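As a plain string of letters, each chain reads:
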Amino acid sequence: SQTIHQWPATLVQPVGSPLSLECTVEGTSNPNLYWYRQAAGRGLQLLFYSVGIGQISSEVPQNLSASRPQDRQFILSSKKLLLSDSGFYLCAWSVMTHSNQPQHFGDGTRLSIL
Amino acid sequence: AQSVTQLDSHVSVSEGTPVLLRCNYSSSYSPSLFWYVQHPNKGLQLLLKYTSAATLVKGINGFEAEFKKSETSFHLTKPSAHMSDAAEYFCVVSEEAGGFKTIFGAGTRLFVKA
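Residue numbers (the numbering used here), protein chains in the order written: chain A, 1 to 114; chain E, 1001 to 1114.
Hints in this document: simulated from the structure, not taken from any laboratory.
Keep in mind it's a predicted model, so treat the numbers as computed, not measured.
Certain hints may be false.
Straight-line Cα separation of at most 30 Å, DSSO-like style, residue types lysine-lysine; simulated pairs [to be verified]:
(1) E:K1101 - E:K1113
(2) E:K1113 - E:K1058
(3) A:K79 - E:K1042
(4) E:K1058 - E:K1101
(5) E:K1113 - E:K1042
(6) A:K80 - E:K1113
From chain A, some residues computed to sit far from chain E (all C-beta separations above 12 Å) [to be verified]:
(7) Q13
(8) G16
(9) S17
(10) G27
(11) Q38
(12) Q45
(13) N63
(14) Q70
(15) R72
(16) I75
(17) K79
(18) S84
(19) N100
(20) Q101
Each residue gets a CB set at the ideal place from its N, CA and C atoms; glycine is no exception.
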């Protein structure tokens, strides 16, 4: 069966520090991969999605970047964090190119910027 | 244009009473529709999905939803609420139109009173 792992579960970082959040998927090949941010009490905002190694699409301009160095690995990064980067970050995967297939989510990373 | 509206930001029910979470959508094509549940500090878990088969869809934990094309609705129901159902619920629409796009609703917070 397929599983998705995100780490760390929680992270407290000072303003201006770098960030690296990692997400890996097991049990499937060529998945679509997604990074979402969820602000407190709000819905999901799609940040990035990827349909293959090295292929990243950005949905909103921001202080963050994403990379996909391997088929089942998706990394969210920042060189210098801002206070507004605080939130709950979720990684998800889905079967490639079928809208009738759901996305499957990791347990998320709670990021607090001080 | 594709959109999804969850008509209630908060719903409160007593344990043992029925649950109704309302979702309306718009789509230019034949959409796929999903309901997810999110417990605090967790990722989203798929409850059920509609993908142009039976209009009444049964999901996990006793939830079901009915796709009504004439009303463009996909409401989530459960006959009897349990305390463990207290969570955030998201309605999601996905369609293929020269590439596919997924839109998440803003979420409905379900409170269950003892």
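Here is what the structure says about each hint:
1. E:K1101 - E:K1113: Given that 30 Å is the threshold and the Cα spacing comes to 37 Å, the pair is violated.
2. E:K1113 - E:K1058: Satisfied, since the Cα-Cα distance of roughly 25 Å is no more than 30 Å.
3. A:K79 - E:K1042: 26 Å, holds
4. E:K1058 - E:K1101: Given pair K1058 of chain E, K1101 of chain E holds - Cα atoms ~24 Å apart, limit 30 Å.
5. E:K1113 - E:K1042: 22 Å, holds
6. A:K80 - E:K1113: 44 Å, violated
7. Q13: 18 Å, holds
8. G16: 26 Å, holds
9. S17: At about 22 Å from chain E, S17 of chain A clears the 12 Å cut-off, so the statement holds.
10. G27: It holds; G27 of chain A is separated from chain E by about 16 Å at its closest Cβ, greater than 12 Å.
11. Q38: 9 Å, violated
12. Q45: 9 Å, violated
13. N63: 22 Å, holds
14. Q70: 21 Å, holds
15. R72: With a cut-off of 12 Å, R72 of chain A remains clear of chain E, as the shortest Cβ separation is near 17 Å.
16. I75: Per Cβ check, I75 of chain A is outside 12 Å of chain E; nearest 18 Å; holds.
17. K79: K79 of chain A clear of chain E: closest Cβ-Cβ about 26 Å, beyond 12 Å.
18. S84: Consistent with the label, S84 of chain A stays out of reach of chain E, its closest Cβ about 20 Å off (over 12 Å).
19. N100: 4 Å, violated
20. Q101: Q101 of chain A is in fact no farther than 12 Å from some Cβ atom of chain E, at 8 Å.
This entry does not satisfy hints 1, 6, 11, 12, 19, 20, going by the numbered hints stated previously.
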